[in-house]
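A.B. asks: Take a look at the letters that make up each chain.
There are 2 protein chains.
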Amino acid sequence: MTTAVTRRAATDQDAAHARRTVEDLLGRVQHRMSDFLAAERDRYAAVHEHAVVAIDALSDLVRAGGKLIRPAFCLTGYLAAGGDPDDAAVIDAAAALELLHVSALVHDDVLDDSHTRRGKPAVHLLHATLHRTRGWQGESRRFGEGVALLVGDLALVYSDELMSNGPSGGFAEWHRLRSEVMIGQYMDVAAAAEFSIDPDLSRLIALIKSGRYTIHRPLVVGAGAAGRPDLAPALTQYGEAVGEAFQLRDDLLDAFGDAARTGKTAGLDFSQHKMTLLLGWAMQRDARIRDLITEPGHTPEEIRGRLLDTGVPEDVERHIATLVDQGCAALADAPLDPAWRGELTNMALRVAYRDK
Amino acid sequence: MTTAVTRRAATDQDAAHARRTVEDLLGRVQHRMSDFLAAERDRYAAVHEHAVVAIDALSDLVRAGGKLIRPAFCLTGYLAAGGDPDDAAVIDAAAALELLHVSALVHDDVLDDSHTRRGKPAVHLLHATLHRTRGWQGESRRFGEGVALLVGDLALVYSDELMSNGPSGGFAEWHRLRSEVMIGQYMDVAAAAEFSIDPDLSRLIALIKSGRYTIHRPLVVGAGAAGRPDLAPALTQYGEAVGEAFQLRDDLLDAFGDAARTGKTAGLDFSQHKMTLLLGWAMQRDARIRDLITEPGHTPEEIRGRLLDTGVPEDVERHIATLVDQGCAALADAPLDPAWRGELTNMALRVAYRDK
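Chains as they are written, first to last, in the working numbering: chain A, 1111 to 1466; chain B, 1111 to 1466.
Treat the hints loosely; a few may be bogus.
Beta-carbon label-pair distances, calculated as ranges [what the hints assert, rightly or not]:
{"hint": "1", "chain 1": "B", "residue 1": "Arg1242", "chain 2": "A", "residue 2": "Gly1421", "range": "34 to 44 Å"}
{"hint": "2", "chain 1": "B", "residue 1": "Thr1239", "chain 2": "A", "residue 2": "Ser1381", "range": "47 to 57 Å"}
{"hint": "3", "chain 1": "B", "residue 1": "Ala1282", "chain 2": "A", "residue 2": "Arg1286", "range": "20 to 30 Å"}
These aren't lab readings, by the way, just hints derived from the structure by calculation.
Even for Gly, the Cβ is constructed at its ideal location relative to N, Cα and C.
Chain A with its partners taken away, still in its complex shape (with noise of 0.2 Å):
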């Protein structure tokens, strides 16, 4: 391969130059979304009224703006297989994992009866409340979590109309990411009920339906639409580090964050007993923790001065940082540039280190 260029060290001024490439490609992705779901409701308008209630709900969740990590990893990793940023089937693969987790978040709020959802109400309870005040027949909770069913269905099915415009080299990617986040889901449910305390099942639930899904296997379909399945291993040691990484900072938030940053509920793997790594590790040291958690009454900040107590968050803290250096040393040796090698750190340590 490129040895001569890929041993080259990187620019700040090169992996700022990465940056600005993928932000460009992001902005298209968002654009391509609202013009997809526009046109779908001009074909619905002339229908019924009702026929673009459910477009109208996907539209106002991509209006409010996400993280958009899965389109910024797929971009990442078309970009840095040396995938042409002018070719219009990538942006129509970054837009079909952005509308798959738009799909996988309108569930998971029905699956954990969250309330907010970037910074509004979740869709099922909006529906909830409309049924309510319209003095609509039947049980408002069943009609609002109908409606997220069907909305989340209708932006899953989406997602695939844009995948399949899509480069056909990350296909095989894109089934296994989808089903494999589907498996993921359940088992997270299924550990929740059970909440029995098993860090091994809580680190293979977080691999699984977090950092697969969220980073490595948006990467590799971004280097197979680009061409480059050789790059799949590097970039999948690296994704399932870095995912890690994402996920335990995920459970830190869910507990110690702020929900205005993060636009969500703060406190719902308490109250939804997800079994999360930093649970399972705080449960071993401290068995109360767990009775807090099932047992009625307690607060949230009880269980969060519980958990600090332990001092497991702040062991969570240097795990975070050991994943990231793993993950960005698996890239070391990879064919790539140097600029996207540096671009690819500053993104570990974006996700690892945010606050929302």
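On the provided structure of chain A, position chain B as indicated by the hints.
C.D. replies: Using the frame of chain A, we list chain B on its own:
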């Protein structure tokens, strides 16, 4: 086109041979779904015992067997359009339509709180019961419905994975079919909640979420897969008429059918306030029926008796007969081999006069 051939009258033997060809391929579709799910199970069995639960739920539904109406129309459209019966790609396309339908059934049963499906407990109820008997944490209803949500999502992504192996000529119609059925489902749920008497809206919903989804678009997917999009107009006319007949039979079976035959809960349209065309017309003649459905304490028998008194069920039977005639007439001048025109006529009769 092959005018001499298409004008020739079909013998019963020709149509019977056509039907046997479709049935052979339907057997392959059933195997394809089973094999696909078995391979996925093998992939996940080593990961964790929870990783196969959602796959097993799908396998159970596939094994219980459905009517395979959508695969049958897809294959018939394909073969009638001259497609090669030995091409494995169309089997994947037909299997995709069935797995999409399995997804819709699992999600529908949550929307409608239906208790049985294919003669067994609905997925959400089975898993709510498992949750309760195991003494797991959290609310059993949310767990059961959450599992059904994920099982339906998994079926949806698997259906798409199968379709991506199918002939690309069917993709455009496939995308339309899927987004449209989600939008139609919302319209159905909203109409049930609103419960205003509006037969035009009932008919529109039947067209969108039932006729097009079940008959017209699967036929056009099949014809497109065989490279014959020119057949779409005739198949559309046929499919929309026969599709309305299909939905009206559905309404009658729900109201008057035998749950032991249909394998699903009877009288759901009453308890879920579904504004079907049957009920819409009946309420126009007898406003008291609306009260019988929305007020508590009235038995299905009482509603059935009052429905029969309106005379609407007999009118619906007459309307079904007219729709079947219209649908078959639409094929008269289409460039189809008479054997396939004959088999499409037989299929119209089978879906319009089915008892389950």
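A.B. asks: A separate judgement is required for each hint: does it hold in the structure or not?
C.D. replies: Outcome of the hint check:
no.: 1; hint: B/Arg1242 x A/Gly1421: 34 to 44 Å; verdict: holds (37 Å)
no.: 2; hint: B/Thr1239 x A/Ser1381: 47 to 57 Å; verdict: violated (24 Å)
no.: 3; hint: B/Ala1282 x A/Arg1286: 20 to 30 Å; verdict: holds (25 Å)
Of the hints listed earlier, the one the structure fails to meet is number 2.
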